[in-house]
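Spelled out, the chains give:
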Amino acid sequence: MHQEHQDLPTTLQKVGKHLPQNVTGWLFSGPAVLILLLMMAFPIVYTVYLSFTNWTPSVLGAHQYVGWQNYIKLIFEDERFQNSVGRTLIFTIGGVAIQTILGVGLAMVFNRDFAGRGFFRTIFMMSMVATPVAIALVWMMVMDINTGVLNYVIELINGSRIAWLSDRSIVLYSLIIIDTWQWTPFIMLIVLAGLSALPTEPYEAAQIDGASGLQMFWYLTLPMLRPTLMVALMFRSIDALKTFDIIYVITGGGPAFATETLNLYIYSQGFQYFNMGYASAALVLFFILVFGTSLLFIRLRRATSEMM
Amino acid sequence: MGSLTSMPQSSRHRSWFRHPIIVGLRTIVFYALLILLWFPFFFVFAWMLMGAFKNQIQNTAIPPLLFFTPTLANFETVFNSNPMVQFLLNSTVVGVGATLLALIFGLPAAYAIARYRQQRLATAILVARIMPGISYLVPWFIMFSQLKLVGSYFTLIMAHLIITLPMTIWLMIGFFEDIPRELDEAALIDGCNPFQAFMQISLPLTLPGISASAILSFIYSWNNFMFSLVLANQDTRTLPVAVFSFISYTQVDWGGLNAAATIITLPVLIMILFVQKQMVRGLTLGSVKG
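Going down the list, the protein sequences come from chains A and B.
Residue numbering for the first sequence follows my numbering, starting at 7 and increasing by one per position.
Residue numbering for the second sequence follows my numbering, starting at 302 and increasing by one per position.
None of these hints come from the bench; they were simulated from the model.
Certain hints may be false.
[Claimed, not checked] Taking CB as the label site, the calculated pair distances span:
{"#": "1", "chain 1": "B", "residue 1": "Phe369", "chain 2": "A", "residue 2": "Tyr179", "range": "30 to 38 Å"}
{"#": "2", "chain 1": "A", "residue 1": "Phe82", "chain 2": "B", "residue 2": "Pro384", "range": "43 to 51 Å"}
{"#": "3", "chain 1": "A", "residue 1": "Phe223", "chain 2": "B", "residue 2": "Leu337", "range": "18 to 26 Å"}
[Unchecked claim] To be clear about the criterion: a stretch of chain A counts as covered by chain B if any three or more of its residues have a C-beta under 8 Å from a C-beta of chain B, and this derived list gives those stretches:
{"#": "4", "region": "45 to 55"}
{"#": "5", "region": "237 to 244"}
{"#": "6", "region": "271 to 277"}
{"#": "7", "region": "281 to 293"}
What you are looking at is a predicted structure, and each value in this text was computed from that prediction instead of being measured.
Yeah, the Cβ is synthetic: ideal placement off N, Cα and C, and Gly gets one too.
Isolated chain B (complex conformation):
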C-alpha cells in the first residue's frame, strides 16, 4: 500500500512547498477535508447509537439533542415486547448453518478449481453473484411449498447457501492458488491420496482464508432480508425481517427501532474488524485483491 505514498504531491521545482508552515497548513487542510468527507459515515452510526439510548421525546426533539441522559428503556421494550432472543437465535442458526455448509461444499470445490483448473465451474459460480436474488424466490417458494418446507430452518439455510457458497468458493480459489503446487505433489508422491493431500496439506495452510470466508459468509447471511422475508415463518423469522415488522407496529417509536438496529448491526461491525483486508476480495469475487 505504501508504494505510492511518494506520489508527487510536492514538486521538486517548488521548494517553498516544503516550508514547515506550508506543510503544517497542508496537513490541516488535508485533515479538514478528510473529516468533512468522513463525517456522514460516522454520523449515521453515531446517530443510531444515540437514538437507541434516547427516549421518544429526546428522539424527536428540535433542535436535535447531542447531549442527553441515556436510558436503557428502549432495549427493555424491544426484548420484552418481542421474542427478540428467538429472532437472534434464528439468525444465528441460519447464519452458522449456511456458513458451515458453504465451507463443507465450497472448500473442496475451490480446491478443484485451483488445482484441477475447472474454469467453467468458476464462471458458472460467477452467475450466482450476478443473478438477482429475487429470481430464485418464485421457484424456491413453489419448490419448498410442495415439499411443505416453507418456514423451516432447512429451507432458509439452503436459500442462504446461494449467497455463502459462491462467496466462499471465489474467495478460496485465490488462497488455494497461493499454495505452491509442489507441496501437494510431494504429498501425493509420499503416498497420500488426493483427498488426504487436500485435508492434511492444503486446508491447514489456508486457515486464514477459511476464517475470512466464514466471517464474510456469516455477515452476508446475517444481513440478508429478502430470502427470509418470503421463506421464513413466524417461528423462524430472522432478525432483519423481525425488525422490519416493528416498523408497522411501532410507527414512530424511534428509540425502539434504533435499539433494534443497533442490536442487528453491532455483531457485524465487530466482525468486519477481523476481515477488513478480505472484504473487497470477497465482494468482487477475488478479481480485486484489497
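Just chain A, same shape as in the assembly:
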C-alpha cells in the first residue's frame, strides 16, 4: 500500500513535512471522525430532537413538536415503561453482583500455575465470545420445561420441575443465570490481569507477620484490586443494562412483559408500534441511565486509585 504514497506529488510531501503537528494529526484521524460524526453524533442529536415530537412513519413529514409531553407520559403515566426500568435494574444489579463474586473467586483459583491452565482458561472464554443468538438457543433447550436437561437434574434432586422460562416470577432470574454464565469469565479475566500486576512485597511482609491466606485476600488483595474491579464493574454494568440479544431471542420480553427490560421496551415502541418520537424520549432516558452508571464507576475508580 505504501506505493501509492510514494507516488504522491512531491509538493504534497513537502507540505506534509511543514504542516503544524495538530493539522497532521487531524489528517490522520479526519476520516474516522467524519464517520463517527455521521453514524454516531448525528443519530444522537436527531434522537434528542425526535424525542420532542410525536413522529410516526405513518404521518411522514407531518410530525409536530410536543414539548416535554413524551417525557411526562413516560415518567409519570407509562407503567410499562416504569416496570421495564425496574426490571433492567434488577437484571443489572443482581447479575453483576453475582458475577463479581464468582468472577473474583474464579480468578483466585486461576491465579497460580497448574497443569491444564491454558485449556481451562480457553473454555472459560468461550461463553463470552460465542454468538449470543446461538447461546440463547442452547439455553432454551437446556431450560425447556419438559425436555430440558436442567429440569431433569432438578427433578432428580427436588422431585418437581421449574418453569424457568414460562413462570412470570422466575423468568427474569433465569435470564440472570444465563447472563451470569455468559459474563462471569469476563470479570475473571479482568481480575486475573489485575492480579498479575500487583506488587509482591506486601504479601512477603504479611507472610512474615503471619497473616493467613484469607486475611491477605481481604486486607491486601481486595483493596489493591479495587481500581481494576471498578473497570470490570463499569463495563459489565453498561453491557448488562444494554442486554438485548439473549432476552429478545429467549423470551421476547415475555411472558406478559415479565422480562421486558428498557432495551426491549424501546425496541417494541420503535420498531413494532413505530412510535418513533415516544421511543426516542425513552432512549434519551436510557442514555442518561447508561451514562450516569459509567460516570459513577469512573468517579469510584478515581476515588479508589487516589486512596492507594
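Model the placement of chain B on the given structure of chain A, informed by the hints.
Just chain B now, kept in the frame of chain A:
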C-alpha cells in the same frame, strides 16, 4: 502472570502443609473445585454440539442421552430448507467489509491519538462503547430509508462499523504507544513525510495488533444481532437473524436449531484461539491489558 504464583497459600510456619500426602490431597481438591466451576461452561457447548448430531427423539429423550448414534440429518435439513449459504455469505461480506473499513479508518486515527495526543477524540470514541446500540437504530432507520438503502450491504457495513471502528481504534492506540517515538522521528529526519513514517515504520511494527483487531472486529460483527434485525432485508439477512427466524418456523426442532447454533459459533470459537490475549484489552478498550 507467574509473578504471584508463590502467593502464600502455604505458610512457612506450618510445615505439615508441605507433606506429600497433604500436597496430593490439596491438588485433588483444587482440581475437583476447578472442574466443578468449569463444568457448566463446558457443558453448554458440549450439549449444543451433541444436540446438533441427535435426531428429534434423541434430543427430547428423558433421561437425556449422553451416548447415541450421531446423525448428519440436522445439517442437511438446515442447508436444504434454508438459503444457509446465502446467510453465511451475508455475514461474511458484512463482517469483512466492516473489519476492513475499521482498519482503513481506524489505524490512522489510533496513530493520531497515540502520536499527536488527540485525547479528546479518544474520549469521544469511548462514548461509542457506552451508547446503547438501539439508540442509533431509530435515526439510522430513518436516514437509510430516506436514502432507500435499508437492506443493502452498505447500510449493514456502516452500522457494524460503529462496533468495529471504536474497537480497532482503542486496541491500536496501545500498540502504537508501544512503538518508541524515536523510530518515527528518525524516519522524519531521513526525509519521510508523516504519512510515509506511518505506513512504512509504524504499521509493519504493529502487525500483531492489527491482526488481533481484525479478528476481534470480525467476531463482534459476526455476532451482532440487533443491527441486522432492523436494517437487513430478506436477501442480506445475516446468520444470527436468520437463525433467530428458524425458531418460529421450527418451534421444537432442537436438532436443527443446535446445528444452526453450531454453524454460527464454530468459526468464532476457532478465531478466539488466536486472540485470547487481546480479548480483554479489546472489551475494556485497552484499560486492562490482559
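The hints, checked one at a time:
1. Phe369(B) / Tyr179(A): 30 to 38 Å: holds (32 Å)
2. Phe82(A) / Pro384(B): 43 to 51 Å: Hint holds: Cβ distance 48 Å, inside 43 to 51 Å.
3. Phe223(A) / Leu337(B): 18 to 26 Å: Holds - the Cβ-Cβ distance for Phe223(A) and Leu337(B), about 20 Å, lies within 18 to 26 Å.
4. 45 to 55: holds (count 7)
5. 237 to 244: Three-residue rule met by the region 237 to 244 of chain A, so holds; n is 4.
6. 271 to 277: With 4 residues closer than 8 Å to chain B, the region 271 to 277 of chain A meets the three-residue bar; holds.
7. 281 to 293: Check passed, 6 qualifying residues.
Hint check: no violations occur; every hint is consistent with the structure.
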